[in-house]
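A.B. asks: Taking the hints into account, I'd like the entire structure generated from these sequences.
6 protein chains.
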Amino acid sequence: MQKLVDGIHKFQRNYFSQDQKLFETLVEGQHPLALFITCSDSRINPNYMTQTKPGELFIQRTAGNIVPAYGAVHGGEAATIEYAVSALKVKDIIVCGHSHCGAMSGLLNPELIEKMPAVKSYLEHAECTRRIVDENYGHLTDPEKRLILTVQENVLVQIENLKTHPSVAAAVGRGELKLHGWVYKFETGEVFNFNPDEGQFLPLEEDVLSEKALDKAMPPISPI
Amino acid sequence: MQKLVDGIHKFQRNYFSQDQKLFETLVEGQHPLALFITCSDSRINPNYMTQTKPGELFIQRTAGNIVPAYGAVHGGEAATIEYAVSALKVKDIIVCGHSHCGAMSGLLNPELIEKMPAVKSYLEHAECTRRIVDENYGHLTDPEKRLILTVQENVLVQIENLKTHPSVAAAVGRGELKLHGWVYKFETGEVFNFNPDEGQFLPLEEDVLSEKALDKAMPPISPI
Amino acid sequence: MQKLVDGIHKFQRNYFSQDQKLFETLVEGQHPLALFITCSDSRINPNYMTQTKPGELFIQRTAGNIVPAYGAVHGGEAATIEYAVSALKVKDIIVCGHSHCGAMSGLLNPELIEKMPAVKSYLEHAECTRRIVDENYGHLTDPEKRLILTVQENVLVQIENLKTHPSVAAAVGRGELKLHGWVYKFETGEVFNFNPDEGQFLPLEEDVLSEKALDKAMPPISPI
Amino acid sequence: MQKLVDGIHKFQRNYFSQDQKLFETLVEGQHPLALFITCSDSRINPNYMTQTKPGELFIQRTAGNIVPAYGAVHGGEAATIEYAVSALKVKDIIVCGHSHCGAMSGLLNPELIEKMPAVKSYLEHAECTRRIVDENYGHLTDPEKRLILTVQENVLVQIENLKTHPSVAAAVGRGELKLHGWVYKFETGEVFNFNPDEGQFLPLEEDVLSEKALDKAMPPISPI
Amino acid sequence: MQKLVDGIHKFQRNYFSQDQKLFETLVEGQHPLALFITCSDSRINPNYMTQTKPGELFIQRTAGNIVPAYGAVHGGEAATIEYAVSALKVKDIIVCGHSHCGAMSGLLNPELIEKMPAVKSYLEHAECTRRIVDENYGHLTDPEKRLILTVQENVLVQIENLKTHPSVAAAVGRGELKLHGWVYKFETGEVFNFNPDEGQFLPLEEDVLSEKALDKAMPPISPI
Amino acid sequence: MQKLVDGIHKFQRNYFSQDQKLFETLVEGQHPLALFITCSDSRINPNYMTQTKPGELFIQRTAGNIVPAYGAVHGGEAATIEYAVSALKVKDIIVCGHSHCGAMSGLLNPELIEKMPAVKSYLEHAECTRRIVDENYGHLTDPEKRLILTVQENVLVQIENLKTHPSVAAAVGRGELKLHGWVYKFETGEVFNFNPDEGQFLPLEEDVLSEKALDKAMPPISPI
Ligand SMILES: [Zn+2]
Ligand SMILES: [Zn+2]
Ligand SMILES: [Zn+2]
Ligand SMILES: [Zn+2]
Ligand SMILES: [Zn+2]
Ligand SMILES: [Zn+2]
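Residue numbers (full-length UniProt numbering), protein chains in the order written: chain A, 1 to 224; chain B, 1 to 224; chain C, 1 to 224; chain D, 1 to 224; chain E, 1 to 224; chain F, 1 to 224.
Hints are supplied without guarantee of correctness; some may be wrong.
Given that identical chains are not distinguished, each listed pair holds provided it fits within a single copy or across any two copies.
Said to hold, decoys possible - Heads up, simulated DSSO-like pairs for lysine-lysine below, C-alpha to C-alpha not over 27 Å straight-line:
hint: 1; residue 1: Lys53; residue 2: Lys3
hint: 2; residue 1: Lys10; residue 2: Lys185
hint: 3; residue 1: Lys120; residue 2: Lys145
hint: 4; residue 1: Lys89; residue 2: Lys120
hint: 5; residue 1: Lys21; residue 2: Lys53
hint: 6; residue 1: Lys10; residue 2: Lys21
What the hints contain is simulated information worked out from the structure, not anything from laboratory work.
Since the model is a prediction, treat every value here as computed from it, not as a measurement.
C.D. replies: See below:
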């Protein structure tokens with residue numbers, strides 16, 4: 001704990017003055033670029049990996065970057081998403097999984113979480129992930145590959161859950177919000193983006209095209 | 001979105017190599033110092049304000065740094081807390097509110113969130129905060145003071161909720177876990193710590209004594 | 001009630017013998033072609049409109065052909081879907097809305113259901129539909145067109161909810177299950193199918209191509 | 001799927017014109033005789049077995065014709081019942097179980113549904129049925145008899161659940177709604193009605209007396 | 001509070017020795033005659049009004065002697081009932097309402113409980129009562145009569161809810177448990193029992209016939 | 001049952017007239033001294049042990065004197081507490097456990113309640129108690145001592161849960177409500193009070209000092 005206290009004083013002495021102007025402007029309100037949903041894992045720092053400044057990322061973090069489907073939990077996830085989309089009008093939501101995720105490891109190995117009823121109960125919102133891996137990836141037996149594949153499939157599953165949130169569905173429908181599925185390999189610094197055209201997670205490229213969103217706006221349908 | 005993509009490439013080119021060794025070590029597992037619970041607000045960066053490195057802070061972020069009482073929500077909050085305490089054995093939990101919090105503003109001004117049913121529903125877990133401010137602070141009429149006071153009371157309320165989580169209650173009881181209530185004023189860089197002896201939030205001091213925890217271990221009680 | 005009793009005796013005297021052989025075979029078990037999800041509305045008869053025999057359609061009917069997202073309701077919808085996919089291995093699920101739907105009318109006109117708290121509460125699972133129509137179809141002012149458009153959008157919303165059910169997600173993923181969105185205009189006998197290529201509901205055509213499913217199997221993704 | 005598409009075209013070509021007048025009248029609204037609650041089982045066709053026309057039966061179908069008690073599930077069952085009674089003013093509700101029911105089979109043999117958590121969870125609303133059969137019918141060891149008896153007891157249990165729904169309780173109280181418990185043996189075409197005077201399910205008779213309802217109106221009680 | 005402390009010392013000095021033998025026997029276990037469900041109201045003392053000794057009545061008390069239907073609340077009511085019936089094998093359950101009940105008053109006058117969300121939410125389990133009184137007793141305009149009538153109807157409604165609890169349904173079915181509906185007028189000392197033959201609450205008579213239970217055992221039904 | 005009926009007539013003939021005046025006054029309304037929360041156990045009679053008269057104790061009784069945390073259960077506990085504090089303005093709440101408690105015994109020995117799902121589910125609100133005893137009292141092996149210690153810890157746990165109820169938190173904050181933890185040993189007539197200064201349950205003393213509350217009012221905090 002002393003380390004944290006010392007860190008704060010170091011921040012106050014050496015760093016705060018650099019961003020003081022920015023912080024003072026932000027008193028007026030935040031206008032983040034995106035909602036970034038990731039795991040609580042201590043090895044992930046969204047602002048560091050995206051080199052963003054205060055005010056740029058609205059961040060939701062719970063174990064396993066899980067997004068319960070709308071109505072499944074009247075908890076922080078639904079409220080945070082609704083606030084980001086309806087009040088802050090973010091233009092992008094990134095669901096970002098990561099390598100060596102303990103939550104996903106618990107999903108594959110239930111005995112690891114036997115004594116953790118709250119974790120077990122929360123992982124029911126990743127039951128789609130568990131079943132997809134269990135039923136459709138029988139050929140994948142290497143435990144390491146199986147874990148990272150689970151992380152990848154879970155990102156796609158949570159994006160499906162995200163689409164059931166009313167604020168998201170409406171904004172996606174009119175082209176004002178895009179959804180992105182990422183996986184971060186912290187040990188190599190690589191970030192992979194799900195490319196819907198290829199149906200695969202590919203290294204995030206530099207050009208604008210790399211921003212392939214998972215959802216396109218759906219032009220209004222006509223009454224029959 | 002392009003800004004985030006560019007930031008990632010900047011991180012990969014210029015910063016990753018600095019921490020590469022650290023990241024590679026962290027493949028073995030994380031051993032964070034503390035669980036840091038704070039708001040999703042884009043103006044807060046827990047790692048920056050505490051000058052911590054990857055692997056040091058397990059971080060939970062939802063709107064309003066709310067911690068529903070145990071059993072109230074089978075969601076990410078309970079799972080994340082349980083995982084931090086039971087699996088990772090963190091020694092400290094910090095609940096950190098912040099100035100100009102939009103969620104607390106919505107709690108004081110329900111008309112702001114009228115069209116956000118998920119936010120409204122989530123704020124029921126801060127109903128203690130609302131009632132305490134409403135019933136016990138009638139004398140505080142200045143809106144700015146009322147908002148920051150609400151942020152402060154909410155930190156204490158969420159710590160009460162935290163104590164109802166079984167993993168927390170048991171670890172606090174045997175002196176292996178301490179709970180801390182902080183408020184971060186991002187516009188001044190100040191951090192205030194609730195000092196239970198004074199019954200007030202005071203600027204975080206440099207010496208170890210400033211670490212007054214909100215919970216002391218309770219020596220075992222004797223069977224009657 | 002006497003009419004129903006008379007109808008049963010008429011059925012027993014005049015019709016049962018025709019299908020007796022079929023019914024006796026069905027004692028061994030059912031192998032339905034599809035799960036048909038539609039409204040409880042008395043004007044809809046799924047077997048009549050598809051000219052199917054006993055044993056061919058597994059049928060789920062509640063007000064508004066609503067499918068709460070997985071985890072949102074531990075009720076009949078999730079159980080019926082899971083049983084159809086996991087136990088009966090149906091190959092297709094049709095969500096079929098219909099013209100002049102009272103539930104959708106209540107969604108657009110909350111005053112109609114003010115005194116019906118259970119209906120009101122159930123329509124929260126169509127909140128995506130309400131928001132999409134409210135926010136994205138401001139240009140559509142004709143009440144009749146607005147109602148049928150709501151029926152159409154609701155079919156798509158409920159299919160999104162359907163995808164969050166684990167048995168569905170896994171089976172769709174490996175190409176063993178297809179999802180279809182239909183609207184039935186009972187007053188003309190027309191059936192419209194959502195065509196994902198056109199992004200519109202089009203009259204169901206006779207050739208096989210008309211069966212465009214809403215979901216294609218996703219070939220396995222590769223571990224990164 | 002092609003079979004369903006072909007069936008629809010057959011319906012449109014050969015049958016729709018017969019009922020066209022009726023369907024056009026029904027645009028004005030539905031006035032069904034009864035709410036018919038039965039299982040999703042593909043071998044049951046309520047309109048066929050009662051020889052009813054479009055507009056005559058409001059139909060609720062989920063696995064096992066289960067009716068969770070009021071407040072137990074904020075799902076389709078409560079909404080459909082409330083809509084039928086409060087908005088459509090049906091005069092009768094029939095809960096109709098059937099022979100060889102897979103849901104009741106799962107209730108007696110939990111190992112059959114071990115891998116179906118949603119079914120398992122839903123069957124908790126038939127826990128009364130399970131306990132009654134388990135505790136009170138120890139003498140009934142023949143599996144076939146045990147299954148049909150379970151179907152019968154479940155019809156009575158779900159009628160008890162039905163009575164906890166406010167719209168039902170109030171309408172039954174003033175004699176405007178009657179509740180009926182039926183079992184349909186599809187392999188013989190027989191329909192059995194619970195006769196409260198005999199305390200047994202008896203073949204549905206032809207005369208009006210066969211309509212013995214399970215609930216009589218209760219004349220108003222006097223304030224003490 | 002001092003009054004309670006003094007009362008306890010008075011009890012210890014003057015009364016405990018009278019019942020000491022009884023209390024020592026009860027260390028072996030309790031074998032209560034009945035489960036007595038009544039309101040938390042301070043004016044009711046079940047042991048006093050029935051002149052029962054320690055060990056004779058298992059007592060459940062919450063506001064309004066409400067018994068949520070099975071599955072509606074995973075709370076103390078269901079657990080207490082199950083424990084009384086399954087573990088203690090009580091032979092009778094009495095649901096006892098009372099005159100001048102504040103909870104029932106809140107049910108009739110929602111403005112009284114506008115600021116009490118938990119009370120409001122709990123009274124949803126008496127929504128049957130509210131609707132029955134509202135829809136079927138329009139002729140009863142005198143507020144006092146309307147309140148006591150509401151208390152009476154609520155006793156009957158809660159007994160319907162009680163029947164949805166599996167342990168109760170099974171024990172009632174085999175004649176081992178009887179359910180009784182009482183209303184206690186504390187200002188006169190009168191107790192009224194619902195007499196199902198008369199369909200009215202009548203003063204509790206002295207002879208055994210006064211014990212008319214609300215439920216008779218249902219002889220086993222025969223498989224069809 | 002006849003015993004209860006006889007008891008009531010005995011009460012009416014021999015005792016009611018003594019308290020008739022009191023009862024008639026109480027028609028105007030109740031003003032109880034305290035809310036007394038205790039177990040449903042038949043061996044406990046709160047009015048007898050505190051020698052209180054009708055109108056003096058508002059009493060909540062469910063199995064195990066459990067108080068689910070706020071929001072965890074929308075049941076009788078939250079409503080009763082809110083009504084006692086907000087409507088009746090009680091000045092004290094006592095949570096009173098007792099020796100030989102069957103619910104606490106079930107918490108320590110889950111096999112005793114294996115067949116009682118509602119009890120099992122309710123005991124999740126005492127999961128803190130279970131974990132504290134399991135993890136922190138390994139040294140206590142004597143089953144009798146372990147049971148009474150569990151009763152003691154459970155009283156403290158339920159008081160923590162109590163503090164999460166908004167009406168309680170606000171009233172405690174301004175010094176208008178005190179919380180007390182008691183254990184009643186019915187076989188000796190002893191009552192033990194948790195003394196926060198000693199951190200132990202001590203015999204309730206006669207002087208005013210014995211009223212040490214578990215919560216002190218917290219003087220208003222200052223906005224930072
Ligand atoms: Zn992780
Ligand atoms: Zn905030
Ligand atoms: Zn409809
Ligand atoms: Zn069935
Ligand atoms: Zn009362
Ligand atoms: Zn007890």
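A.B. asks: Look at each hint and say if it fits the structure.
C.D. replies: Hints and how they fare:
{"no.": "1", "hint": "Lys53 - Lys3", "result": "both (23 Å within a copy, 11 Å between copies)"}
{"no.": "2", "hint": "Lys10 - Lys185", "result": "between (29 Å within a copy, 16 Å between copies)"}
{"no.": "3", "hint": "Lys120 - Lys145", "result": "within (23 Å within a copy, 32 Å between copies)"}
{"no.": "4", "hint": "Lys89 - Lys120", "result": "between (33 Å within a copy, 18 Å between copies)"}
{"no.": "5", "hint": "Lys21 - Lys53", "result": "both (12 Å within a copy, 25 Å between copies)"}
{"no.": "6", "hint": "Lys10 - Lys21", "result": "both (19 Å within a copy, 24 Å between copies)"}
Comparing the model with each numbered hint stated earlier shows that all of them hold.
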